[in-house]
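Asker: Given the coordinates of chain A, work out where chains B, C, D and E should sit on it, guided by the hints.
Residue numbers (full-length UniProt numbering), protein chains in the order written: chain A, 1 to 356; chain B, 1 to 356; chain C, 1 to 356; chain D, 1 to 356; chain E, 1 to 356.
Since no wrong hints were added, every one of them can be taken at face value.
Identical copies carry no separate label here, and so any pair may be met within one copy or between two of them.
Keeping only pairs whose Cα atoms sit at most 20 Å apart, straight-line, the calculated PhoX-like set for lysine-lysine is: (1) K297 to K353; (2) K351 to K297; (3) K297 to K354.
Just so you know, these hints were derived from the structure itself, not from any lab.
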Amino acid sequence: MVRHALKKRSKKAGLPPGSLVHIGDKKTEAVTANVLDYAEDHCSETALIEIEQCIVYRDMPSITWVDIEGVHDIQVLEKIGQCFGLHPLVMEDILNTDQRPKIEDYGDYLYIVLRMLGNGSESGDISSEQVSLILGKNFVLSIQEGAKGDVFEPVRTRIRSNKGQIRMLGADYLAYSLIDAVVDNYFIILEKIGERVELLEETLISDPGPQTLHLIHNLKREMIYLRKSVWPLREVVSGMQRRDSALIRESTGIYLRDVYDHTIQVIDTVETFRDMLSGMLDIYLSSISNRTNAVMKVLTVIATIFIPLTWIAGVYGMNFKNMPELSWVYGYPAVWVLMIFVAIGMVIYFKIKKWW
Amino acid sequence: MVRHALKKRSKKAGLPPGSLVHIGDKKTEAVTANVLDYAEDHCSETALIEIEQCIVYRDMPSITWVDIEGVHDIQVLEKIGQCFGLHPLVMEDILNTDQRPKIEDYGDYLYIVLRMLGNGSESGDISSEQVSLILGKNFVLSIQEGAKGDVFEPVRTRIRSNKGQIRMLGADYLAYSLIDAVVDNYFIILEKIGERVELLEETLISDPGPQTLHLIHNLKREMIYLRKSVWPLREVVSGMQRRDSALIRESTGIYLRDVYDHTIQVIDTVETFRDMLSGMLDIYLSSISNRTNAVMKVLTVIATIFIPLTWIAGVYGMNFKNMPELSWVYGYPAVWVLMIFVAIGMVIYFKIKKWW
Amino acid sequence: MVRHALKKRSKKAGLPPGSLVHIGDKKTEAVTANVLDYAEDHCSETALIEIEQCIVYRDMPSITWVDIEGVHDIQVLEKIGQCFGLHPLVMEDILNTDQRPKIEDYGDYLYIVLRMLGNGSESGDISSEQVSLILGKNFVLSIQEGAKGDVFEPVRTRIRSNKGQIRMLGADYLAYSLIDAVVDNYFIILEKIGERVELLEETLISDPGPQTLHLIHNLKREMIYLRKSVWPLREVVSGMQRRDSALIRESTGIYLRDVYDHTIQVIDTVETFRDMLSGMLDIYLSSISNRTNAVMKVLTVIATIFIPLTWIAGVYGMNFKNMPELSWVYGYPAVWVLMIFVAIGMVIYFKIKKWW
Amino acid sequence: MVRHALKKRSKKAGLPPGSLVHIGDKKTEAVTANVLDYAEDHCSETALIEIEQCIVYRDMPSITWVDIEGVHDIQVLEKIGQCFGLHPLVMEDILNTDQRPKIEDYGDYLYIVLRMLGNGSESGDISSEQVSLILGKNFVLSIQEGAKGDVFEPVRTRIRSNKGQIRMLGADYLAYSLIDAVVDNYFIILEKIGERVELLEETLISDPGPQTLHLIHNLKREMIYLRKSVWPLREVVSGMQRRDSALIRESTGIYLRDVYDHTIQVIDTVETFRDMLSGMLDIYLSSISNRTNAVMKVLTVIATIFIPLTWIAGVYGMNFKNMPELSWVYGYPAVWVLMIFVAIGMVIYFKIKKWW
Amino acid sequence: MVRHALKKRSKKAGLPPGSLVHIGDKKTEAVTANVLDYAEDHCSETALIEIEQCIVYRDMPSITWVDIEGVHDIQVLEKIGQCFGLHPLVMEDILNTDQRPKIEDYGDYLYIVLRMLGNGSESGDISSEQVSLILGKNFVLSIQEGAKGDVFEPVRTRIRSNKGQIRMLGADYLAYSLIDAVVDNYFIILEKIGERVELLEETLISDPGPQTLHLIHNLKREMIYLRKSVWPLREVVSGMQRRDSALIRESTGIYLRDVYDHTIQVIDTVETFRDMLSGMLDIYLSSISNRTNAVMKVLTVIATIFIPLTWIAGVYGMNFKNMPELSWVYGYPAVWVLMIFVAIGMVIYFKIKKWW
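Bound-form chain A, shown alone (with noise of 0.2 Å):
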């Protein structure tokens, strides 16, 4: 994942700064735009087809969140560009789809980049696609990847459906509930890894083996995934609460604290699973290491059980003339009986010292 992020940058590797150059994965379908409309008293919905169509949205004093998804198209990205007087460097940065969360104030607008991560796939890996946010005055840009799907709908629905008051505040309570729906996604992600931890844990009990460790691994590599995406996430909430900008009203500033908690929240429970997957593979070494002592033990002692006996044997197949004991009656019963106490003798011994 991460030699992937690394791969797309050296595309523009000498190119000067704010050039714009798509280095995700070449997708085809087309870039798609929504955009909700809303005030306290009337909310629109318009799938644009000219992306030119955003600009009528710009000075309205009513709300406007314009969604796009998909960053492939160059030329309805720098229309964008233009219609909202984005600076090439942000432009250059949506394009970029490997920045780690951060945020930028660049006067007339806040420009936040967010991570929403993805468990779609059928092996559990977890993807991550960047949410490019820019909070203007009265309106919200959010930009995503374009996979499929999106963490959004239940903001889209509150303001469809007038739920809660995201009707009535504005464009930086819009960036909020955003940010919180992409942060309450990160419990869903955990819970998820929660389980699979948990499983893990049986395995590692019932039957722990090469495979087990190879699970402890993938997760620990997607603990550090997942780390990189939320840790600089709690700088960029901290950082809205804190900014004086004047977009953000100090109203919203007790749900961006919210939003922050949640955000520690997240980070613990990534540091807590961390710890329990090292603490997992310190038992799972232990664990394989006490099996195979454990066989090379029994095995032992039968070896080492037998060893004397076949000496035993071996003295009376020695073919010496002289041998009085052969020629006993019960020479040969004797050494049976001499051959079945010292295994006795010894499987007590190793019992005693619970080598057995």
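Answerer: Chains B, C, D and E alone, transformed into the frame defined by chain A:
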């Protein structure tokens, strides 16, 4: 424990902030609300039947402590929220019983989240319950998750019997007393853990086994969990100290400093236990491997002594026509002497080398 | 040691703050109080019989050092508290003899907690005693837990004999002298530990055994304990330096800087010992495994040489009718030659491969 | 690589500060100096023959970029120093080609040290070259150590072809462009390392060997080295941002923030690789020990099956006169049946126990 | 080395601060004092016989460097202290030759402690000597512990020969030059350590043994020691830079920044060596275990091949009356063929499984 908390969260994903959804375990007991109203010269105790009755106490000059057990009845909590004018986010946090300790200033009141630990179960596992405190001008609202029993009984007794100066001081001193009771309880929990650590240490020397490893790891995990509860508490208490809220009188600062000290001491002890458990893990691993090595060594030595002897016996078991030794009168005893010499020689050699 | 401290705490859980409960080991010796009253030109020493006599000294212009040994008699301590006007929380902390070092400013006086280490026992374990210092305008109250002996004798001697400038300077210099005496004592303790570390290091090379491991772990645990005593002391001393309390004259600052330096040096040494012990643990583990491997290797080589030889003997022990070798005149010597060659060949091969 | 850097230093020990001694590898190529002088409307490129010609450009209003390759000719560098009025310590640092990245403000100019990485060699090892930038009012002086090739070609192309806004902006933007080129190059290096990490990961699963261990350690060491180059760079860039030097216009700040972001991303990736390599080391060690254990187990099982069988054969090889079994008609087949049963029984037992 | 330093300290425990007790190794050589008095136009050098002669230089306008070797003669040092008006605590610290580097401002003068490293002994162990610098208005007093040789010779030469600008600048520049000389010397020490690390690395690959482990641990310990000397130095130099003492001119700041850079570089290198040594320890441990495993595996394989063969031989060594194979004409050769087949089959199987 961690996964459990997460599971509860996903019920809420996508709802607007402030939505009241109880995400803890469903309970059927009724929510109980006890009111303790006191001033220097009087003290009355009432079990509320209708939660709206609270409102009477809110504006009385005497100090009122409303103690609510159970957060699973949303109607009841909504009424409380309206009664005391709590922010929807506070209400939400009260219901989300997996919060980390925190303090939030809402102007009229402070909202404090604590985690109260219990050690009731037979297995010795630590259970954890969220306690929300609302500290207003002359009231304290404490909302427990509702597990049976709490750690506030001594505070109640002190108020009832007018012991100490609690009745003479304000609501902030009551809030301090409740936090102090929670922290004092940590010492009792740590004591019990200390006993288990000590027991484990003895087992480690007398009879280490795979069970010991699991016990060490269980304790380690509990330490991770405890740490998560106690670390943020430190910030909560120091936050209360520093905060220039009119709700906390200067005279209470000295008591908060005291409870802060206790928190640090709890953290110190948790860290010491962690260090001790790490050391015990090292000792366990090395004692297991020492033991296995000891077994293997003795067994290998036995095998090694008998293998050459078996060879000697094998040599004189060969059927060559022309083997002069076989016909010697003292051939057989000589071989016995040889074998005894070889065996003794090897034993001596092994003893000298300290291999046995 | 840790668990012990905790055990004591639970006696207090639920009591109002400032409740005087001695939670240390019960003792029967009477609490002793010695007063050393001095100025530039005089010095008188009295053993107080009635503790109320203290009050005489409190308001005298001369410097008074009241040294109390034993905190198990609550009546005595209550009288002292009243006499010097100490806050109930201070009284409580004096009795709770498991405090971490700290400094608290109560306006009229500074309350300082130190931990005085002792190394009296035969086993070399470090014992620890709490020393509380109350620094007032012209008095210092030192309250020791009451183990026999302390580290303040040189300070007493200096006052009695008017050595150095101690009599010319104020109570803050006396407090500094006491702290300095405690820190100087740490160097002696560290020296003794240093000797044990060195001894251990020699044992590690000459004769490592399971005992060595336990010694390393014991020392490691003592380092954890020492660290807990010394780390907060650093903050105490730097806190005294920074504090703009009228009780500490500027001229004393230079001496506090000196004792701060010493504290840092103690911490440095503790950290170095920790690093050394970690290194020793590594060496121990690898030397143990080297040794086991050496044993196993030699034994395996011996077994490996004789197994083919035994097989050769076995071959000529077969009872086939038609085995021409058996009838050869030189068959038997030839087999001996063969076996000797095989044995020598294998030894040479093992030597070349450096396996033996 | 580290030792190499140190070796060079000792030539200088004891000389007065500002002594110009080249401590890098001796080179024989002539030092080359290229001048790129440009303004919005013109752009001229000259290869300087006499270094003193620089002086012409110093005071011209157009932006001048003097790019010097090679620091081994002290005379040339001294002339440059005089020409641009550089401080002797700057001159010294330019020659000491083992500096860590840093920024120093000398009033008239900023002195910036970067490390440019190369990955030219066949073995894939990273080579590192020091680049010193002197940012003056309207000139940038870049001094490279002089390995063939650099990462500034795209910047040159942009100036020549007037692509982007580089010609319109000042010397600070040029300096930013050079730093950006260096950081962009890190992404390419990281990509190549990413490929090696991935390859290593495949080898780790398919065919781990001692070679794998060395590869992991080599990559780990390169990560240490990379980290040393990149970490201080972060401070350099944030230092440029914060610095209230008249040399850096506010409009450039936004670009520096961008390059700062990239630096953070590089650091993040380096840390991720380090974590991945640590994980791979764990997997390697456990896979090696798994493999050895598997071999040992199977071999031990084989030995264990045949040892009892050999004993049975030994028993009936004894020469007792009175061994009735030997005379039984079906004695021999019965022994075979016995041996086969024992062997199969043990195999089944081992299979049940999952030891085989 | 650590224990040694501690031992010395206990001589001093209990003495009043400022007591002059030399706690280093007793030496018998006389303390030598050399005076180098210089200004832009003159330079005189004197070996003082009577230490009181110092006083002449104290108030002269020219810069005076008094260099004292040996701190074991307390009378001499007391005279120096009186002569330059040094604080008793400074005198004490000069004698306590186990100080960590520090800087203290006494108004009239700065007191700086450095640790000068030596690498003179054959074993390559680092020796360490305390150097105290007293920087006054126009004098520098340097007091060395008195091991033969120091690192200041190049500074002396520069003053004598008027090389560089040292004679033109003040006492603060002289102090800087001495610190710079000490830091430059660290590079030489690190270089020698670098050579040992490289040698060790080669040994690690060619012929690792228990000796290698001890060498790694010795180097690791030296790194701990070096770190203790260098880390606080960083604070000393940055403290000199920041300090608004009239004793340090602004023009010297630029040189202090340079020496600060060097200190950081030394710390960086020490950390890199530590990382490398940790990596080498890992490689050592895994190469040792690889080797042992290789030996065990081959030996086990040999044993495993011959055990079944021995059993076959044993079968035909049985004495059953009725063993038809024994009478077959080709029975004996057939058994040989069988045994050869079995042996070859197993070898092939082992080769296929890559166990051999």
